[in-house]
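Work the whole structure out from these sequences, hints included.
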Amino acid sequence: MKNLKIGTIASHSALNILSGAKAEGITSVLYCKADRESFYRQWNVADEIITLDSYAELFDLDTSEVIMIPHGSFVAYLPIDRLVKSDIKLFGSKKLLEWESDRKLKDQLMKTAKLPVPKEFDSWEDVDRPVIIKYYGAEGGKGYFVAQNRDEIKQKADFSRKFSIQEYIVGTKVYVTFFQSYLYERTELFGADIRYETDIDAKLRFTADPTFTIVGNIPVVLRESLLIPYQKMAENFVAAAESLLNERIPGPFCLESIIDRNLNIYVFEFSGRIVAGTNVMIPSSPYSYIFHGEHMWMGRRIAREIKQANERGLLEELIS
Amino acid sequence: MKNLKIGTIASHSALNILSGAKAEGITSVLYCKADRESFYRQWNVADEIITLDSYAELFDLDTSEVIMIPHGSFVAYLPIDRLVKSDIKLFGSKKLLEWESDRKLKDQLMKTAKLPVPKEFDSWEDVDRPVIIKYYGAEGGKGYFVAQNRDEIKQKADFSRKFSIQEYIVGTKVYVTFFQSYLYERTELFGADIRYETDIDAKLRFTADPTFTIVGNIPVVLRESLLIPYQKMAENFVAAAESLLNERIPGPFCLESIIDRNLNIYVFEFSGRIVAGTNVMIPSSPYSYIFHGEHMWMGRRIAREIKQANERGLLEELIS
Amino acid sequence: MKNLKIGTIASHSALNILSGAKAEGITSVLYCKADRESFYRQWNVADEIITLDSYAELFDLDTSEVIMIPHGSFVAYLPIDRLVKSDIKLFGSKKLLEWESDRKLKDQLMKTAKLPVPKEFDSWEDVDRPVIIKYYGAEGGKGYFVAQNRDEIKQKADFSRKFSIQEYIVGTKVYVTFFQSYLYERTELFGADIRYETDIDAKLRFTADPTFTIVGNIPVVLRESLLIPYQKMAENFVAAAESLLNERIPGPFCLESIIDRNLNIYVFEFSGRIVAGTNVMIPSSPYSYIFHGEHMWMGRRIAREIKQANERGLLEELIS
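Residue numbers (this note's numbering), protein chains in the order written: chain A, 1 to 320; chain B, 1 to 320; chain C, 1 to 320.
Don't read these hints as lab results, they were simulated from the structure.
Straight-line distance between alpha carbons at most 20 angstroms, and here's what the computed SDA-like set of lysine to any residue pairs gives:
#, chain 1, residue 1, chain 2, residue 2
1, B, K232, A, A34
2, C, K203, A, V117
3, B, K203, C, V117
4, C, K203, B, D260
5, A, K119, C, F206
6, B, K203, C, K142
7, B, K232, A, D35
8, B, K85, B, S54
9, C, K203, A, Q148
10, B, K134, A, L204
11, A, K162, A, D107
12, A, K203, B, E256
13, C, K203, A, E256
14, A, K203, B, Y144
15, A, K5, A, T27
16, A, K134, B, N262
17, B, K203, C, P130
18, B, K111, B, E235
What follows is the structure, given as structure tokens:
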């Protein structure tokens, strides 16, 4: 592509993505609702801002020169089935986003990758330990709740909605982000973060039913010996995804994990795209700095892969 | 000014301020108690260190070439009424510091700016929900306490001291710092931090009455969608301050906020000067790095604004 | 030395150390178990990787050109008594590592340095307040437990193992790292971190006996006024160590402290070598950036001291 642009939607990690494009000298375009335009304009990181009334308008625009970078809000605003069928050129695998958004496909991928997942219960009546209830389509942790036993589920759950029931592992959560590079044929460990959640992370609470709504992220590094199993899991994840989806999965992904008191690691979710946790890693995480020997945040890493792929005529292989 | 110097008092964020002056090539002077001199000398960031027995001596020194940068300890050591009347040249608004230090004026400013403040109770007898009691003049969170109801206030409060009674919002606290630039006519979102407080943040406590004494700060980033209401609040704050104080308020300020489980944001305090939380943002926060495209910490941002204002002959407008 | 190399063992803070050597242009060598080789090779920070079946093989290798950098796993894998007698050239003091690994010598050093240590109980029967029980040789916080009183000790302790009994100070923990430079004749305050521990830092726990197993580290800055007592303690520590050990203690060390609600600081441990907490300070901590005016992480600081000492013919004085 000659007039290559990087594009994204004005939310989630747009500042991260756009500033990365700028650092690598790639023209960028931001698709933005009118009420956010003045905010994003001030940051001066997008070469072009296109105002939309609805993100669905994106399907009708000419985006043939734009490599779109999907993020968490992207998937929330653009129906995945329309996205898959659309002409929008996505950096990464559309199929992976589709699998991520479907609980059953997601579980299948995690199990195929032999990730150590917490036990899933098909029915609340089988529950014999603390569990976490996740309503389908709940966003940003909102609406999740923890139940210590069957009685608590019965009492608290909204049975008119669909939800998954996952064993609640007691331990410390760590979100570890990787970048899958096909140009360099490697799975790069990029950084780790912790979520800052309301009101579970309140200094004081006076109720027994905390919520887990994400408000931000905090940087963390892992014990170096723990990096090794995470690297292995990430490589297994890539291999399983390529095999099940029958296509490449270039770009960022995140293993969302919990480490129990015996240092057992459980992966309870994955994200098949950039996560907001990488926003703490600007201009770099300790790991990305060591790996690249210069400041490297996820938006920049994405832009660099795209730029180099384009120079070598390999861009087609990284988009879907 | 020809022989411009940046000066501050040896505490709080002095290393931040001085290293910023150095990075921008401005001569700096540190006013220091004798027992701290050797500590600060080792850092090699002040061009000149002037030893004082008492900070009040500052009022008698010739500081006509010095732009003084106020910080939290500044206000604690130099009586605000003397500071306002003195010849000391302050970067920023002296009036804003005065309003910040007076509970009633502070509330008036926050309400004029339409910041979503927690409910204030005039009398403890009106309290009908958890509240936080803040003794006037308490420093660094020391002496604050939370009471769940009237009985607890009655039991714990020292009624011989003056205190404010504020609704206690259950949620996660975030301290968001901005830089008001008149050269660029904008309110720059600079960074966010969390406070690390003893003993509320102890891993274990065996008592029911935690203290909230600040010992340090931890970096955090916010969900990008939350940045937009913070930006709006900051701009409203600037407009309200300019209108009420009838002068400009150049430089850093901080909105001290709490986000409840429904993602409602409450602003419970503001600081009209640099906060110690910006010390985590050296050499940059994710936001300041994106905004400026290079390492930018608050001390450097201040020094740069002063330098550029001086070059353009606009310095007078930024000092009071 | 003409063909100077920096070497370490593949764990703990090896990426930190190796990337520091690379940044300073010093050849590096990594001693690695076979199952970790592919992981470390991907990072591309070691000039040479030597695979070992057992770390004890290190004693038989020719390491005459290698300055070895000890870290936490180093001490865990290589018996300290063999290390002391070996020809391995260590950056820093072997004796300090020996004293660190012996509970009684460690206490003696901390007391000689007049560090404000929590009370130690010789017998569990003397306990009259909350205490922390630390089994000898326990690694990474694993196996520590807190007891509120004698009954809890009796109930929980494994009396067949040796353990120390230390007063449990309620407060916030801070790990403050220094670098002792003999070239510059100063004790550099380098950075601070907090430990992230499972399962005490779990968002929810359903048991009353948390564990304190370290999984990672989080960055923190201290109130600037608190830096001064820490600096003083660090300098006292260096002086006491030099006097008791009768040799220099070049390089990194860490004061592991807790700050109670009255801002009293207690030092409950020290580490006489690089700690994993410095991994959060890549490419720099706020303090190391101010001090050096450029990105400076601990691995780089070590490499720079070695390089400059070698250039000046002073290297012999920094190794043992």
